[in-house]
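Asks: So the protein lines, in turn, are chains A and B.
Here this note's numbering is used: the first sequence runs in plain steps of one and ends on residue 267.
Here this note's numbering is used: the second sequence runs in plain steps of one and ends on residue 135.
No lab work stands behind these hints, which were simulated from the structure alone.
Treat the hints loosely; a few may be bogus.
[Claimed, not checked] Taking lysine to aspartate or glutamate and the EDC-like style, the derived pairs with C-alpha atoms no more than 16 Å apart in a straight line are:
no., chain 1, residue 1, chain 2, residue 2
1, A, K19, B, D2
2, B, K47, A, D193
3, A, K38, B, E79
4, A, K252, A, D125
5, B, K68, B, E79
6, A, K8, A, D55
7, B, K68, B, E58
8, A, K19, B, D130
9, A, K235, A, E220
10, A, K120, A, D40
11, B, K63, B, E79
12, A, K120, A, E134
These numbers were taken from a predicted model, which means no experiment stands behind them.
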Amino acid sequence: MIDHIKKKINELLSGGSVKGVIALANANGHVAPCLFQKGDDLEKLSLGDRETAGDARYPLNKVLITIARQYPDEVFGVLTRGCDERGLHILYRLNQLMPDKVVPIGISCPQSLAIQCECKKPWPDDMTAGEKSEAVAQKRVQDAEGKDLKERFDYWANQFLKCVKCYGCRDICPMCFCKECSLECEDLVSKGDLPVDIPVFHLTRAMHMADRCIDCGLCEEACPSGIPLRLLYKKTAGIMNAEFGFTSGIDKNETSPLSMMGPAPKK
Amino acid sequence: MDYRNTLTTCTYCGCGCNFFLESLDGRLTGTIPCKTSPVNEGKLCIKGWNVHQFVQSEKRLTKPLLRKNGELVEVSWDEALNFVASGLKAAKSASGADSIGFFASAKVTNEENYLMQKFARAAVGTNNIDHCARL
Ligand code: SF4
Ligand code: SF4
Ligand code: SF4
Ligand code: SF4
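Put together the whole structure using the sequences plus the hints.
Replies: Next comes the structure, spelled out in structure tokens:
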């Protein structure tokens, strides 16, 4: 698969249709986000698979936003998994990226990664390489719902108590870009105090991600306290789907039910 | 267009978390925790996440300051170091070497901390050495 991607990147760069391609590279024994430009050595390209599939994924759309803000007239390619493509759809909707300035280079995820992510769509529609894996059912959410209310309440209260307020879940998130973050609003979240405001901190974030979270799992991987954040956002996404028939990022031309006035949309 | 991720180690505490300092055209734009680092496995505390901010902070001191007539004024490194050296000498001759203490730091390298304790012991003559983490 990687040779196919290299070929594609090479075509894009040498043909001049993009200014650069945002992907991953092996360097110093690690994997890091990288901007490939014309003439750069593609041998160091990585797809983010080191010891196991997808274990070195980074928020490439976030990198793209950083670069595109500085170079708004240029076109960039970006390595795109299923979740990243969902992210692009939302970032277009929220005017953080311009669709005519982005060339996605789509790769599918292997079944092992799809199972680990419990991914509802482990492939992008616009696929350059790979084969579609199967969508996976949301077992983590089902298991959590199997507990009774008190058990669930205690579970989450104990999880939230572990939070060290590093803000890493926000900082790593490819869908968090607000200049003024509610988690820094002192009417909601106290500044410089631990334990964190329970449950305001985590539920505020869950609410804000309700029509934006693409279920990439990077937040949970970045949480130093091992809080099951992805499970929380998967549940929020489940409510959005049950109430509004909405799955963030799946539909290219989506509108968010949270930004519409008037009667509830038909399911 | 020069986008880079430079692998480095956090300066804020002794854990030594690894991250990439993200830069675009020579200006730092962010901190990205290194997922493949065995130390922190893609996680950071709030200090590490914001480490890129102090480098370009307007508030950062870039020249030595000396208080003269109650006001801090910029001076050359020679003047600042001479002032410190004469102050240390005066304290040592008035009250002995053990009237002086040294604080090492997590924000510098092992080698720099080694030099500091060497200076305390060999040049000044005291074992009064502690660490800023105990302040
Ligand atoms: S969430 Fe889905 S698309 Fe994203 S890495 Fe996991 S399996 Fe792949
Ligand atoms: S899974 Fe986490 S990091 Fe990914 S989009 Fe959702 S909230 Fe952001
Ligand atoms: S990453 Fe984890 S510990 Fe850090 S703020 Fe988020 S929930 Fe809290
Ligand atoms: S990120 Fe935090 S824990 Fe890690 S070295 Fe820096 S200060 Fe220490």
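Asks: For each hint given before, does the structure comply? Return the numbers of the non-compliant ones in rising order.
Replies: 3, 6, 7, 8 and 10
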